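Each protein sequence line maps, in turn, to chains A and B. First residue of the first sequence: 1, per full-length UniProt numbering; consecutive thereafter. First residue of the second sequence: 1, per full-length UniProt numbering; consecutive thereafter.
What the hints contain is simulated information worked out from the structure, not anything from laboratory work. No experiment lies behind these values; they were computed from the predicted model shown. Be a bit skeptical, because a hint or two may be false.
Copies of the same chain are indistinguishable here, so a pair counts whether it falls within one copy or spans any two.
[As the list claims (entries may be wrong)] Within a straight-line C-alpha distance of at most 20 Å, the following computed SDA-like cross-link-like pairs (lysine to any residue) qualify:
no., residue 1, residue 2
1, 131, 149
2, 35, 61
3, 140, 14
4, 92, 10
5, 35, 56
6, 140, 179
7, 131, 110
8, 140, 155
9, 140, 129
10, 5, 125
There are 2 protein chains.
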Amino acid sequence: MSNAKGPDHSRRKERSRQVILSAARSLVAEQAYDKVTVEAIAARAGVGKQTIYRRWPSRSAVVFAAVLALSEGADGQSVALPDTGDLESDLKLVMRATAEEFADPSFDRLLRALNTEIANDAALAAEYREKLARPLDEAKKARLRSAQEAGQLDPDADLDLVLEVLYAPLFQRWLHRGGPLTPAYADALVDATLRAFGPARP
Amino acid sequence: MSNAKGPDHSRRKERSRQVILSAARSLVAEQAYDKVTVEAIAARAGVGKQTIYRRWPSRSAVVFAAVLALSEGADGQSVALPDTGDLESDLKLVMRATAEEFADPSFDRLLRALNTEIANDAALAAEYREKLARPLDEAKKARLRSAQEAGQLDPDADLDLVLEVLYAPLFQRWLHRGGPLTPAYADALVDATLRAFGPARP
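Chain A with its partners taken away, still in its complex shape:
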């Protein structure tokens, strides 16, 4: 049934979706978030407001879809963490890259908008965990399990807790602008995490 309008219709629909999501991302990157309305997104995308509301129920939903679309097409492979056999240097590589990403101004506003939406909407928070956070966490945990097998991490460690201790300080420092996100800071988080969950626990 939905194909009755033909492949051209589907392509146009998908193209319009991409134009709207791209407009949402560029507006969020440019403006104070409370100025980013559905009206403003529609104007930037060159569509009517109703075209947006036919697909998404609210600004929250459009902005969330806009962020989600950035990771479309990324398969499991692309989020896998490096595994050279040296947990400490692999994690430092990853955490330095993460710190750099959070410190990037064009990424910063988009991430703040996403966090505003998920902080205030439990359903979006669940969708965020399911579609964005969980696949990334699973990739990270696969690396940690490999370290457990190699005797570089406590085999009994709760890997969700390990990830929280590793990432949450960086997240909170970024969200509250509490301090610089330097390579040295990234390294210090890896060092603390490995002391907390390394194999040589007392």
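Start from chain A and add chain B according to the hints.
Frame of chain A, contents of chain B only:
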């Protein structure tokens, strides 16, 4: 000059401030945050919108002041951490209380509103650090320094990092609704922090 209108005027002004801030807090606790407008706060407080705008430039500023007012009158004493000489049990007491506070629904919405404002406004984030976060952090660091002197914590530990490793996982789990905030979770954070920064570092 400002006293020319007399003490009655000052008292009325202060009373009106308290009524407005209390109205802001109760609205935030009851409603979706994007429904909490300056108009709604004014209506709840029984004042004109201009009465609010004469004091505060924006919704952000009123909500921030409303949260800040909760800790008015608290002196240094009241934020001091327990110091029984046993760092582990003192921190577990504090972290269990913190987890309980974050899990309290009436506190939850107010804290989410505060975090929304400071995430999207660098000036408010700085004011938050100065007026709310720093005094609390100083009290916590005083307890950690006492533990360093007692040989219960690495004397070279960066105390800001210690606080981040201890608190940020709880904060992120709460903000993203990523899991339960139980006493066992609070304890696990203290255990991980003490392993990371305890005196017996390799």
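Hint check:
{"no.": "1", "hint": "131 <-> 149", "in the structure": "neither (28 Å within a copy, 47 Å between copies)"}
{"no.": "2", "hint": "35 <-> 61", "in the structure": "both (16 Å within a copy, 17 Å between copies)"}
{"no.": "3", "hint": "140 <-> 14", "in the structure": "neither (32 Å within a copy, 53 Å between copies)"}
{"no.": "4", "hint": "92 <-> 10", "in the structure": "neither (44 Å within a copy, 57 Å between copies)"}
{"no.": "5", "hint": "35 <-> 56", "in the structure": "both (18 Å within a copy, 19 Å between copies)"}
{"no.": "6", "hint": "140 <-> 179", "in the structure": "between (25 Å within a copy, 18 Å between copies)"}
{"no.": "7", "hint": "131 <-> 110", "in the structure": "within (17 Å within a copy, 27 Å between copies)"}
{"no.": "8", "hint": "140 <-> 155", "in the structure": "within (16 Å within a copy, 32 Å between copies)"}
{"no.": "9", "hint": "140 <-> 129", "in the structure": "within (14 Å within a copy, 31 Å between copies)"}
{"no.": "10", "hint": "5 <-> 125", "in the structure": "neither (35 Å within a copy, 51 Å between copies)"}
The structure shown violates the earlier hints numbered 1, 3, 4, 10.
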